[in-house]
Amino acid sequence: DAGVTQSPTHLIKTRGQQVTLRCSPISGHKSVSWYQQVLGQGPQFIFQYYEKEERGRGNFPDRFSARQFPNYSSELNVNALLLGDSALYLCASTSWEIGTYNEQFFGPGTRLTVL
Amino acid sequence: DQQVKQNSPSLSVQEGRISILNCDYTNSMFDYFLWYKKYPAEGPTFLISISSIKDKNEDGRFTVFLNKSAKHLSLHIVPSQPGDSAVYFCAASPFGNEKLTFGTGTRLTIIP
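Each protein sequence line maps, in turn, to chains B and F.
For the first sequence, the working numbering assigns the number 854 to the initial residue and increments by one for each residue that follows.
For the second sequence, the working numbering assigns the number 25 to the initial residue and increments by one for each residue that follows.
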C-alpha cells in the first residue's frame, strides 16, 4: 500500500507570492493534518481536516488556509509568503476510528524556500 | 511557550549500549505520548507510544517510560544499532484529539 504522498518535493518562491501544497492520504484514511517544521525545531500543527471539515487549527495567521476534497486529498495554501515561511511542510493522515488513539502517518514533506 | 521539551539536542552512544532519550512536558491535558524517528529527507516515522494510564510500554528494543507526577518520559533503546542514528521527536496530545505537540528533537548518533 502506498503511504502518504506529497507534492511537490521542493519549491522555491519569492516573498509576496502564493503557494499550494498537495497531499494524498493513505488509502482508507479520512483525516489529514498539516504541520510546519522550521529548521532546528519540531513540527508545528497547522490544520486538521476530517470528512472535508476543519477539525482543528494551530496558531498560524490567516495567510494559511487548507481544504480537503471528496477523495480525502488535501491542499495547503499560503498567501503573501514571508521569508519565515521557509520550512518543511508535512502532511499526516489518520484513520479516525472512534474509541482508539489514531496514530498519524507522515508523508516525506514539501521543502519550501522563500527568497 | 514550549509545552514539550527535549533538552538534549544531541546524544552519542556506542553500538550495543543503551540509548536514553528524555522528554518533559508541561500541559496536564496531555494523556497520550509518542516517539517519532526522522531520517533526513523523510517524514517522521512512528516508533512507540504510551497512554497516561500506563507507566511503561515495550516494543522489541524500544521501551518508553512515563512518570506523570514529574511530567517526564524517556525512550530506552537497547541494544543500540547503527541504523538507530536519526533525529528522535517526542510528541504529545490529549486522547481523542490527534493534534500533536512536538519537542525540538534529539539527534542520536550510534558509534560503531
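Think of the hints as simulated: they come from the structure by calculation, not from any bench.
Careful: at least some of the hints might be erroneous.
[What the hints assert, rightly or not] Dumping the calculated DMTMM-like pairs for lysine to aspartate or glutamate here, alpha-carbon to alpha-carbon at most 25 Å: (1) F:Lys-78 / B:Glu-956; (2) B:Lys-883 / F:Glu-39; (3) F:Lys-95 / B:Glu-928; (4) F:Lys-92 / B:Glu-956; (5) F:Lys-95 / B:Glu-956; (6) F:Lys-123 / B:Asp-915; (7) F:Lys-92 / F:Asp-48; (8) B:Lys-905 / B:Glu-928; (9) B:Lys-866 / B:Glu-906; (10) F:Lys-123 / B:Glu-956; (11) F:Lys-123 / B:Glu-928; (12) F:Lys-123 / B:Glu-904; (13) F:Lys-123 / B:Glu-906; (14) F:Lys-80 / B:Glu-956; (15) F:Lys-78 / B:Glu-906; (16) B:Lys-866 / F:Glu-66; (17) F:Lys-123 / B:Glu-950; (18) B:Lys-883 / F:Glu-66; (19) F:Lys-61 / B:Glu-956; (20) B:Lys-905 / B:Glu-950; (21) F:Lys-61 / B:Glu-950; (22) F:Lys-123 / F:Asp-48; (23) F:Lys-29 / B:Glu-956; (24) B:Lys-866 / B:Glu-950.
[Claimed, not checked] Only part of the chain F face toward chain B is listed, based on derived beta-carbon distances under 10 Å: (25) Gly-40; (26) Arg-41; (27) Ile-44; (28) Leu-58; (29) Tyr-60; (30) Ala-65; (31) Glu-66; (32) Thr-69; (33) Ser-75; (34) Phe-113; (35) Ala-115; (36) Ser-117; (37) Phe-119; (38) Glu-122; (39) Thr-125; (40) Gly-127.
Predicted model, so just to flag it, every value in this text is computed and none were measured.
Every residue, glycine too, gets a C-beta built ideally from N, C-alpha and C.
Hints versus structure:
1. For the hint pairing Lys-78 of chain F with Glu-956 of chain B, the CA-to-CA distance comes to about 17 Å; that is within 25 Å, so the pair holds.
2. Straight-line distance between C-alpha atoms of Lys-883 of chain B and Glu-39 of chain F comes to about 41 Å, which puts the hinted pair past the 25 Å bound.
3. Simply put, Lys-95 of chain F and Glu-928 of chain B have alpha-carbon atoms about 36 Å apart, too far for the 25 Å limit, and the pair is violated.
4. Distance check on the hinted pair: Lys-92 of chain F and Glu-956 of chain B sit about 21 Å apart at the alpha-carbon level, within 25 Å; holds.
5. Simply put, Lys-95 of chain F and Glu-956 of chain B have alpha-carbon atoms about 21 Å apart, close enough for the 25 Å limit, and the pair holds.
6. A hinted pair counts as satisfied when its Cα atoms are at most 25 Å apart, and Lys-123 of chain F with Asp-915 of chain B qualifies at roughly 19 Å.
7. The straight-line distance between the Cα atoms of Lys-92 of chain F and Asp-48 of chain F is roughly 10 Å, inside the 25 Å bound, and the hint therefore holds.
8. For the hint linking Lys-905 of chain B to Glu-928 of chain B, the alpha-carbon distance of about 11 Å falls within 25 Å, and the restraint holds.
9. Using a Cα cut-off of 25 Å, the hinted pair Lys-866 of chain B and Glu-906 of chain B is violated, with the two alpha carbons roughly 29 Å apart.
10. For the proposed pair Lys-123 of chain F and Glu-956 of chain B, the alpha carbon gap of about 10 Å is at most 25 Å, so the pair holds.
11. Among the hinted pairs, Lys-123 of chain F with Glu-928 of chain B is consistent with the structure: their alpha-carbon atoms are about 18 Å apart, no more than 25 Å.
12. Restraint check for Lys-123 of chain F and Glu-904 of chain B: the C-alpha separation of about 16 Å stays at or below 25 Å, so the hint holds.
13. Restraint check for Lys-123 of chain F and Glu-906 of chain B: satisfied, since their Cα atoms lie roughly 15 Å apart, inside the 25 Å limit.
14. Restraint check for Lys-80 of chain F and Glu-956 of chain B: the C-alpha separation of about 18 Å stays at or below 25 Å, so the hint holds.
15. Distance hint between Lys-78 of chain F and Glu-906 of chain B is unfulfilled; the C-alpha atoms sit about 33 Å from each other, more than 25 Å.
16. Note on Lys-866 of chain B and Glu-66 of chain F: the hinted pairing holds, with a Cα-Cα distance of about 22 Å set against a maximum of 25 Å.
17. For the given pair, Lys-123 of chain F sits about 15 Å from Glu-950 of chain B by alpha-carbon distance, which is consistent with the 25 Å threshold.
18. Of the supplied pair hints, the one linking Lys-883 of chain B and Glu-66 of chain F holds, its CA atoms being roughly 22 Å apart against a limit of 25 Å.
19. For the hint pairing Lys-61 of chain F with Glu-956 of chain B, the CA-to-CA distance comes to about 14 Å; that is within 25 Å, so the pair holds.
20. Taking the CA atoms of Lys-905 of chain B and Glu-950 of chain B, the gap is about 16 Å. The hint holds against a cut of 25 Å.
21. A C-alpha spacing of about 24 Å is found between Lys-61 of chain F and Glu-950 of chain B, which places the hinted pair at or below 25 Å, so the restraint holds.
22. A hinted pair counts as satisfied when its Cα atoms are at most 25 Å apart, and Lys-123 of chain F with Asp-48 of chain F qualifies at roughly 18 Å.
23. For the hint linking Lys-29 of chain F to Glu-956 of chain B, the alpha-carbon distance of about 21 Å falls within 25 Å, and the restraint holds.
24. Using a Cα cut-off of 25 Å, the hinted pair Lys-866 of chain B and Glu-950 of chain B is violated, with the two alpha carbons roughly 38 Å apart.
25. Nearest Cβ of chain B to the Cβ of Gly-40 of chain F: about 29 Å, over the 10 Å cut. The hint is violated.
26. Interface hint status for Arg-41 of chain F: violated, as the beta-carbon distance to the closest one in chain B is roughly 26 Å, over 10 Å.
27. For the restraint placing Ile-44 of chain F at the interface with chain B, the shortest Cβ-Cβ distance is roughly 19 Å, beyond the 10 Å limit, so the hint is violated.
28. Residue-level restraint check for Leu-58 of chain F holds (minimum Cβ-Cβ distance to chain B is 7 Å; threshold 10 Å).
29. Interface restraint check: Tyr-60 of chain F against chain B, minimum CB-CB distance 8 Å, threshold 10 Å, status holds.
30. At about 7 Å, the closest approach between the beta carbon of Ala-65 of chain F and any beta carbon in chain B falls short of 10 Å, and the interface hint on this residue holds.
31. A hinted interface residue such as Glu-66 of chain F counts as satisfied when its beta carbon comes closer than 10 Å to some beta carbon of chain B; here the least separation is about 5 Å, so the hint holds.
32. Using the Cβ-Cβ criterion of 10 Å, the hint placing Thr-69 of chain F at the interface with chain B is satisfied: the shortest such distance is roughly 7 Å.
33. This hint holds: Ser-75 of chain F has a C-beta 7 Å from the nearest C-beta of chain B, less than the 10 Å allowed.
34. Hint status for Phe-113 of chain F: holds, given a least beta-carbon distance of 5 Å to chain B, under 10 Å.
35. A least Cβ separation of about 8 Å between Ala-115 of chain F and chain B falls short of the 10 Å threshold, and the interface hint therefore holds.
36. Hint status for Ser-117 of chain F: holds, given a least beta-carbon distance of 8 Å to chain B, under 10 Å.
37. A least Cβ separation of about 6 Å between Phe-119 of chain F and chain B falls short of the 10 Å threshold, and the interface hint therefore holds.
38. Contact between Glu-122 of chain F and chain B, as hinted, is supported at the beta carbon level, the nearest pair being about 5 Å apart and thus within 10 Å.
39. Taken as an interface hint, Thr-125 of chain F checks out: its beta carbon lies about 7 Å from the nearest beta carbon of chain B, inside 10 Å.
40. Against a cut-off of 10 Å between C-beta atoms, the interface hint on Gly-127 of chain F holds, since the closest Cβ of chain B lies about 5 Å away.
Violated hints, in rising order: 2, 3, 9, 15, 24, 25, 26 and 27; the structure is consistent with all others.
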